[in-house]
Every structure is written in structure tokens, then in C-alpha cells.
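Trainee: Sequence:
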Amino acid sequence: MTTVRQRRVGKGTEEAEDQLSEENNVKPDGKILSDHTGAKLWNIVSVTVGGIVAISLGLLTSVYVATLHENDLWFSNIKEVEREISFRTECGLYYSYYKQMVQAASIQQGLHGLVYDNKTESVRTINILERMNVYQEVFLSILYRSLPIQQYLEPVYFYIYTLFGLQAVYVIALYVTSWLLSGTWLSGLLAACWYITNRIDTTRVEFTIPLRENWALPFFAVQIAAITYLLRTHLQPIQERLTLLAVFIATFLFSLTWQFNQFMMLIQALALFILDCFDMLPTAKVTWLYIVQISALLIVCVLQFFNSMILGSLFISFNASVLIARTIQRNLKKGSLLNRLGKLTLHVLLVFCLTLLINKFIKKMLNLESDEHIFKFLKAKFGFGATRDFDANLYLCEEAFGLLPLNTFSRLSDTLLFYVYIFVLFLMTVAAVIIAFWNLSGSNQVQFMEKMEECTVTLKPDAAYNLIHTILFGCLALSTMRMKYLWTSHMCVFASFGLCSTEVWKLILKSIHLYTSQRVHVIKYSLPIFTLIYISYKFWPGIMDELSELREFYDPDTVELMNWIKSNTPNTAVFAGSMQLLAGVKLCTGRTLTNHPHYEDKNLRERTKQIYQIYAKRSPDDVYRILRSFGTDYVILEDSICYERRHSRGCRLRDLLDIANGHIMDGLGENEPDLKPSLYPRFCEEIKKNLPSYTILFTRVFQNKTFHVYKLAKHK
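Under the numbering used here, read the sequence shown as residues 14 to 729, first letter to last.
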């Protein structure tokens, strides 16, 4: 017991120190001076100032990205067709539905056009509201039509200003989350500043405005802030209910606005599952969060006319499995270390097996294949066998779906963010591992409890959740660059929280025997202030230069193509070409498409592979037959694809098509042994020679430096 008493003496010294500070507030007659009113007033002032700073930073961020967008494109001065072309690839497709709703004769007619759409995919009627997450475009168009602003504000500005306004919500949510974790709004200020100065790696809203993630991530940040508050201890029942409502609304809006919602929420559910297994979160709150997640996603499923990707998602199966497994195994958190480890292993295996069984059963019953391309991609990406699957290789060869580049970390280090993040992450992870071991051991030894007391203070439930959240989404970002924006924004929150956390610095100072409450306060306030001064000094001039740099949109070839299509083709004409270009054709001209960039449908993926035979080694008869089967009237060939140099050999689109067709690739280099030479030359090259076998089927009607448009003969 000597050791225990020594620890108690040390603790007593600290208590005596605290008691001494309390005694200073005691009157000679023994009555404690009442400072309740002063403390309450100070809290009100602090919250008010912190709130004003949060709103100001949010609005400044919105103005900042809006200014960058204007300066980069001279958006206010360019023609409407140029504005629409600036919405590249799938961004243009999503915006086209907003434009369609705004221009419809009535709201009812606009909705009918979306539910029974026959212009997005030729010779096929699809339900846009079921297939795509475009309810935000519907809501925004109805709001624009209802408000008396048409004569003051163009539809495109109403749209982009809404997205830039959501950036304010995003920054405020990050600010509040950091504030809740650390207890000081200085932490939120630092998180917001890091988000802004690391803009290249935290957001891409200024040049991909209509992208689904730009709608969804602000609501995801709000949800994380609400979960952080929910996991605080000593909340009143009414506070818990209101916070759960906030979590539900944020989860619903996040899920409604992004087609990848199920994968993000699966990772979030996995974080809750891990923490619950190690007894680091209140079980009742975790259960409510599972229920809220499932409820929100199922409502979205109903709104999307029972979208198959949601019903067959691993997320639904996983959450259901966890709740079922809990009812089967009721005594998971009792027993010795070995006993609990055994129960935990069985629990994890049970949840894993149930998830696979339920998911397989749902997909079998409903014949779902909407997301199979994602699992093919993941299988090939992580080395579970090479693949010749065209869809999987299309993803593998895109830089956005590759590993996170190393230069990302050098950029994040320039603002000190990455260094602070790694420091806090290491400290919190070590504490979490020790806490998890102690929770599983169920030890009641006084000595062990004394040793663990310091770590327990640094890992409250809200901090534990954010720790696992940042680790899991960090793994996602490292494996897939496009998902880095989910991680880097939270990195700002987590790093600023650690730098301003009383518990973190208390643990560090105690471990080196230098702890006093005064030192903790000096460090937790001085370090963030010095960091803010450094960031301001180093990056403020660069931000000012960036805001003063003026550029202009310039894409004359695409503008010429769109103007030609509008002037020289009938409104009912059907166009074939690359997914990215056709999204712009639909937005700028309203013509019917054969394929488009929203790839979450098996039939569309098969159709796209067939359309892309225009860049493969196929005969003119084969290409004509394929195009006519989709009702094609015109086909657009792009030199940038036919003679592509952006990707290396093996990743060019023509190479992917050659491999899928069993043909040898062009150029110097190795080929797989079973690939054979094609009997025909490459279609996109050979058609330009005007040979009789081609001109009898295809007539060139438009040409510039980038595009070649051919009209198909009505009959072979």
C-alpha cells in the first residue's frame, strides 16, 4: 500500500493547491465570497463573443470562395453558355435539373419531367429523383420560383450563392465542434483559420460548385457537432432529445444530398461500434445513434422511390446486425479480461457474419447490382487479383481514386496543422489503447485505477468518438484521394482541440512532474495564439495576392460546339460521346443523351462501355449498329480522348477498351500473353480518313480543333 499512499500524497498536494486557491476567496468570518453572478456574466460574454467570431468567420469564408470563383472565371461577365460549360462533368448534369425545374411551365410539370425523364438516357424513361440525389436542386428551384427575386437575381447566382452560403454553415460547424471539445472558442477560431489556409486540401467548392459533396459535407459537419454535444456527460433529458433531433435532421439532409451517404455512414457506424465494444461510450446513446442513422436513411430511401443502392447497402445490414447481436449477447461487458476478449471476438464475428448474410439476402431478393462496380474496384485496388473489368479499371486509372499524394502532407505541414495533428493523435491514441485495456480488464485494484485516472480525464466520450472518427476517415482518405475532404476538415478540428485542451496539457505536464493549473492555462492559450500569429504572418499576403489575381474563362472550342448544336440540330436529336462532354450537352442545349456521368446504375455502365467503342478498334458496321441501338443521331469524337496523353499506357481510355475487348494496346510496351491484334483499326482515327466504308454510315457535320461531330445515316 506504500505506492498507493504515495500517489494519494501527490494527489493531495494538488488538492491542497486547489484548496488554497479557494481559501483566497473566503472572508475572515468563514463565508465564501459569491462570484456566481460574475462567472455567469463572464460565460455570457464569452459565448456571445465566440458566437460572433464563428458567424463572422463563416461569412468571410463564403465571401472568400465566392470571390475566388468570380476572379477565376470572370463569371459575372461571361455568356450564359460559358457559365454553364464551367460546370464540368457531373456538375453540369446536376445543374441541368435545376435549370429544367426553373424553366418548366409549372412546378408540377417540372416534377413530372424529372419522374418520367426520357432525355437523360435515350430510348429509356428513368426516374431522376430515384436515380440521383437532386432533391436540393428541386427545393432550390421551387424556392427561386416562389420568392420575388427573379428580376433582381439570375437563377445561376441564386444557385451558386446558396452553395457558397453553405460553406458558412460548414465552417461554423467545425468551429463549434472544436469549441465543444476543448471548452474554449479560441480552439474554434484556430480550426476555422486552418480550414481556410489549407483550402486546397479542405474544399474544392469554388471550381466544382454543384458537386454532391459540396451540398452534403456542411450537413455532415453539423451532424458531427451534434454527436459531440450528445456524448457529453450530465445532459438533461430535454437536451438529449433536442440534440438527437438535431443529429437526425443533419443525418437526413446529408443522406439526401449525396449518393455516397451509405459508405460514409457505414464508417461512422463502425466508429460507434468500436467504441461501444471497448466500453468507451454510453451504450444507450450509441443505440439511439444507430436508430437515428437507420431512420434517416430509410426516409431518404422512401423519398428516392426505394432506391436500390440504399436498400442493398452494407450500412443498413451492419446496423441491423449490431442491434440483433446485442439482443443475443447481453452480458458483453462483464467478466475477466480473457472472458471479455472471448465474448468480444464472438460478438465481432457474429456482427460480421450477420451483416454479410443480411446484405446477400436483400440483394438476392431484390436482384440488386447497382453498386457491384464499387466492390470490383475495391477488390482490384487492394490487390485481390488483377481485373480486366472496364468499370473497375476506369476508377483505378483516375487520380482522384488513387492513393493520397505525399505532397498533401507537405502542404498541411506548412500551416503546422499536420505536425499538431500527429502530436495530438499519437497522445490520444495511446490514452485510448490504455483505457480500452483497462475497461476490458475490469480491474478494481486501487493502484491501477489511480494510474488510469489521468488518462481517463483526457478521453471523455466526445473526444473518444472524434478520435476514432478521424482515424477511420484518415484511412479512407489515404486510400482514396477524392475522400480526403472528409478527413482534412476534421483534422483542423481535432488538431485545434488538442492544442487548446486542458486535459491534454494536464496529462503531459503531470507525466513530467511539472503540473500546475496556471501552467496549463498559460500553455492552452498561448500556443494557439502563437500559431494564429504565425499563420497570419505567413499566409495573409498569399491570400491577398490570390484575391487580387484576375483570370477569365476561355474554352472557345466547347462554346462553338454547343452553339452549333443549338442552332443546327433538332430538339429531339440524340447525342453520343464521352460521359463528361454529354453532361454539358444536356445542360447547354437540352438535347437527349445516350449516357452520362452518374455511374451508379448497371444498365448505364453497360451502355457507356458500348458507346465508348467509338474509341476502340471496331469496324464501322459494329459501331454504327451499337450507336443506332441507342437511338443515336449524332456522335461527338474528341481528339483529347482519341489521342490521349494525360494517362500513361495502360490507363488511357483506348487502352482500357482494348484490354476489355481482348486486343493488344497501342504503343511500345508489354501486353498480356492472351491479348490479340484487332482485325480493325481504331474507329476514332480511321473515320477521319473519309473512307467509303465509313462515309456511307457517318457524315461529318461539324469540326474544330477539339471536336468532330458525325451524323449517322438513318438506314444502313
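The set of hints was computed from the structure by calculation and includes no laboratory data.
Among the hints, erroneous ones may be present.
As the list claims (entries may be wrong) - Computed beta-carbon distance windows for the label pairs:
| hint | residue 1 | residue 2 | range |
| --- | --- | --- | --- |
| 1 | Leu160 | Phe319 | 16 to 24 Å |
| 2 | Asn581 | Gln116 | 40 to 48 Å |
| 3 | Glu683 | Thr340 | 49 to 57 Å |
| 4 | Leu166 | Leu540 | 53 to 61 Å |
| 5 | Gly355 | Cys664 | 29 to 37 Å |
To be verified - Each computed DSSO-like pair below joins lysine-lysine, with the alpha-carbon atoms no more than 30 Å apart:
| hint | residue 1 | residue 2 |
| --- | --- | --- |
| 6 | Lys579 | Lys702 |
| 7 | Lys92 | Lys724 |
| 8 | Lys377 | Lys389 |
| 9 | Lys347 | Lys551 |
| 10 | Lys92 | Lys718 |
| 11 | Lys579 | Lys551 |
| 12 | Lys346 | Lys356 |
| 13 | Lys724 | Lys702 |
| 14 | Lys373 | Lys132 |
| 15 | Lys377 | Lys392 |
| 16 | Lys132 | Lys519 |
| 17 | Lys92 | Lys392 |
| 18 | Lys394 | Lys473 |
| 19 | Lys523 | Lys615 |
| 20 | Lys389 | Lys92 |
| 21 | Lys689 | Lys132 |
| 22 | Lys132 | Lys523 |
| 23 | Lys727 | Lys394 |
| 24 | Lys394 | Lys689 |
| 25 | Lys702 | Lys689 |
| 26 | Lys298 | Lys92 |
| 27 | Lys373 | Lys727 |
| 28 | Lys523 | Lys579 |
| 29 | Lys579 | Lys724 |
| 30 | Lys718 | Lys701 |
| 31 | Lys373 | Lys615 |
| 32 | Lys373 | Lys394 |
| 33 | Lys615 | Lys132 |
| 34 | Lys132 | Lys724 |
| 35 | Lys376 | Lys389 |
| 36 | Lys392 | Lys376 |
| 37 | Lys298 | Lys346 |
| 38 | Lys298 | Lys373 |
| 39 | Lys702 | Lys377 |
Each residue gets a CB set at the ideal place from its N, CA and C atoms; glycine is no exception.
Trainee: Taking the earlier hints as the rules, which of them does this structure contradict?
Mentor: 1, 2, 4, 5, 9, 11, 14, 16, 17, 18, 19, 20, 21, 22, 23, 26, 27, 28, 39
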